[in-house]
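*Asks:* Protein sequence lines correspond, in order, to chains P and C.
First residue of the first sequence? That's 7 in the numbering used here, and the numbers climb one at a time after it.
First residue of the second sequence? That's 440 in the numbering used here, and the numbers climb one at a time after it.
Honestly, I wouldn't trust all of these hints.
[To be verified] Heads up, simulated DSS-like pairs for lysine-lysine below, C-alpha to C-alpha not over 27 angstroms straight-line:
{"id": "1", "chain 1": "P", "residue 1": "10", "chain 2": "C", "residue 2": "483"}
{"id": "2", "chain 1": "C", "residue 1": "675", "chain 2": "C", "residue 2": "612"}
{"id": "3", "chain 1": "P", "residue 1": "10", "chain 2": "C", "residue 2": "447"}
These are computed hints drawn from the structure, not numbers from a lab.
The chain contents come next:
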Amino acid sequence: MSNKTYTIPLTVNGESKSVTIEARTTLLSVLRDHLELTGTKEGCSNGNCGACTVNMDGYTVDSCCVLGVEAENSRIETIENFGTDPDKLHPIQESFIRNGGLQCGICTPGLIISTQHLLRNISEPTEQEIRLWLAGNLCRCTGYDKIILSVQDIIGLDPG
Amino acid sequence: MQDFDYIKARSIADASKALSDKSINTLILAGGTDLVDQMRRGVKIPDVLVDIKSIPELQLIQFEDDTLVLGGGAPLSTIYQRKSILSEFPGLETSLRLIGSIQIQNRATIAGNIGNAAPSADLVPILVALESKATVASGQTKRLIEIEKLITNPGVIDIQGGELIENVKIPVKTGRFTNSYIRFTPRAEMDIAVVGIGVSMGLNSDSTVSHCKIALGAVTPKPVRAIEAENYILGKQLNSNSVKEASTLINRSAEPITDIRASAEYRLDLLPVIGERAIKQCAVNFGISL
Ligand SMILES: Cc1cc2nc3c(=O)[nH]c(=O)nc-3n(C[C@H](O)[C@H](O)[C@H](O)COP(=O)(O)OP(=O)(O)OC[C@H]3O[C@@H](n4cnc5c(N)ncnc54)[C@H](O)[C@@H]3O)c2cc1C
Numbered sequence: 007m008s009n010k011t012y013t014i015p016l017t018v019n020g021e022s023k024s025v026t027i028e029a030r031t032t033l034l035s036v037l038r039d040h041l042e043l044t045g046t047k048e049g050c051s052n053g054n055c056g057a058c059t060v061n062m063d064g065y066t067v068d069s070c071c072v073l074g075v076e077a078e079n080s081r082i083e084t085i086e087n088f089g090t091d092p093d094k095l096h097p098i099q100e101s102f103i104r105n106g107g108l109q110c111g112i113c114t115p116g117l118i119i120s121t122q123h124l125l126r127n128i129s130e131p132t133e134q135e136i137r138l139w140l141a142g143n144l145c146r147c148t149g150y151d152k153i154i155l156s157v158q159d160i161i162g163l164d165p166g
Numbered sequence: 440m441q442d443f444d445y446i447k448a449r450s451i452a453d454a455s456k457a458l459s460d461k462s463i464n465t466l467i468l469a470g471g472t473d474l475v476d477q478m479r480r481g482v483k484i485p486d487v488l489v490d491i492k493s494i495p496e497l498q499l500i501q502f503e504d505d506t507l508v509l510g511g512g513a514p515l516s517t518i519y520q521r522k523s524i525l526s527e528f529p530g531l532e533t534s535l536r537l538i539g540s541i542q543i544q545n546r547a548t549i550a551g552n553i554g555n556a557a558p559s560a561d562l563v564p565i566l567v568a569l570e571s572k573a574t575v576a577s578g579q580t581k582r583l584i585e586i587e588k589l590i591t592n593p594g595v596i597d598i599q600g601g602e603l604i605e606n607v608k609i610p611v612k613t614g615r616f617t618n619s620y621i622r623f624t625p626r627a628e629m630d631i632a633v634v635g636i637g638v639s640m641g642l643n644s645d646s647t648v649s650h651c652k653i654a655l656g657a658v659t660p661k662p663v664r665a666i667e668a669e670n671y672i673l674g675k676q677l678n679s680n681s682v683k684e685a686s687t688l689i690n691r692s693a694e695p696i697t698d699i700r701a702s703a704e705y706r707l708d709l710l711p712v713i714g715e716r717a718i719k720q721c722a723v724n725f726g727i728s729l
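Could you build all of it, start to finish, from the sequences and the hints given here?
*Replies:* Given below as structure tokens:
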């Protein structure tokens with residue numbers, strides 16, 4: 007058992023941060039426990055449910071399966087990068103609300119991150135592409151149809 | 440999760456040195472999509488983790504003469520983003536895109552899929568069918584080894600302390616060649632293969648089969664080829680009879696077990712069906728309708 011700590015500089019939502027952590031600390035815990043960005047949720051803790059999805063250097067990852075030490079010098083985007091003021095939400099957030107793409111909301115931060123990643127890569131995804139790109143984000147409330155609708159409703163808008 | 444020391448290796452020599460100390464349990468970390476969860480569950484308890492993702496050679500994805508070289512530490516999604524790879528290796532593309540979700544593919548690596556050595560690993564059958572070899576490197580040495588020899592048992596690969604998988608080399612064939620990978624899972628997405636079959640096939644100008652390698656996943660403890668099926672179809676016309684007969688012979692190479700995903704009997708029922716689909720996919724790629 008080690009008792010070393012590591013000081014890790016990283017950029018979160020455009021701001022330079024530094025955390026001092028043990029090697030076993032996950033990126034998820036860096037965000038939630040060290041930086042108090044609790045918008046990113048913990049679900050299954052093993053990479054299946056996607057609740058903890060964040061964008062790391064332009065790619066979506068399950069932050070529960072990434073170690074904080076691996077995120078040294080990386081650029082992380084979390085749900086807090088979207089609107090936090092209810093009057094100034096991001097178009098993706100507004101679409102999920104408008105279309106009933108969420109109920110309990112636990113999966114929503116991850117879904118919004120994955121939706122943005124999809125729209126940054128495929129500007130006009132087909133329904134099948136939407137289902138494929140969101141397959142790593144489980145939702146136990148909506149039955150998915152309204153999530154698909156929420157994505158389809160903002161095709162053509164700038165995903166940010 | 441028990442704590443450990445973390446080393447970000449910048450070169451193969453760096454990593455090799457860290458991996459050579461036999462007095463402690465040092466493990467290689469690639470994308471962590473298998474390993475981090477295994478550590479969380481206490482299945483693996485390393486003293487030291489050596490992260491190999493910052494080693495430049497392990498990120499290379501390129502054609503070298505008649506070989507495709509895939510760096511062991513490159514995320515799977517960076518491989519299938521290359522159009523030139525997809526046109527040569529449709530079966531490889533299929534298998535890469537089947538692994539987990541987009542989030543997993545953005546992290547997981549080829550070396551990790553081989554290194555974890557799960558019988559159900561989706562990249563292994565197609566790599567074996569394509570007669571791929573892994574470059575196993577240490578600070579001083581490099582050796583090439585066939586994937587089916589590298590994986591020796593579930594969860595076990597034949598590398599020594601100080602060694603790591605640098606890349607996977609896939610021969611690029613010129614002429615009428617194609618390949619396919621088909622797996623069966625109860626769910627369409629986010630599931631693990633009950634049966635997976637990779638096929639690499641070549642045709643003569645008279646449409647007789649000039650080349651056929653069939654590799655099986657999830658039905659043997661280590662990767663095997665379905666030699667009897669391959670031998671049967673070699674030299675024959677590719678038609679629905681020859682494909683059906685060859686598919687039936689696949690079972691002779693399988694030793695399935697019963698586990699949480701399927702019974703051995705079910706897997707034996709599935710094998711010829713999935714085998715037929717995989718060979719027929721090659722025919723479709725050739726533009727032949729069966
Ligand atoms: C939700 C989920 C879904 C999944 N779905 C699939 C699926 O559909 N199909 C499938 O096949 N797999 C699946 N997996 C398993 C996993 O994602 C793959 O096996 C992946 O390729 C592992 O790569 P990695 O880089 O993350 O490996 P890691 O977890 O980093 O390492 C895995 C093992 O390989 C060793 N290793 C890593 N790199 C090297 C190297 N360069 N040299 C030698 N040894 C090395 C490690 O020490 C470790 O033992 C899934 C995993 C999750 C979490």
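*Asks:* All the hints need checking, so say for each whether the structure fits it.
*Replies:* Hint check:
About 19 angstroms separates the Cα atoms of residue 10 (chain P) and residue 483 (chain C), which keeps this hinted pair within 27 angstroms; it holds. Our distance criterion of 27 angstroms between C-alpha atoms is met by residue 675 (chain C) and residue 612 (chain C), whose separation comes to about 20 angstroms. Between residue 10 (chain P) and residue 447 (chain C) the alpha-carbon distance is near 15 angstroms, which keeps this suggested pair within the 27 angstroms criterion.
Checked against the numbered hints listed earlier, the structure breaks none of them; every hint is satisfied.
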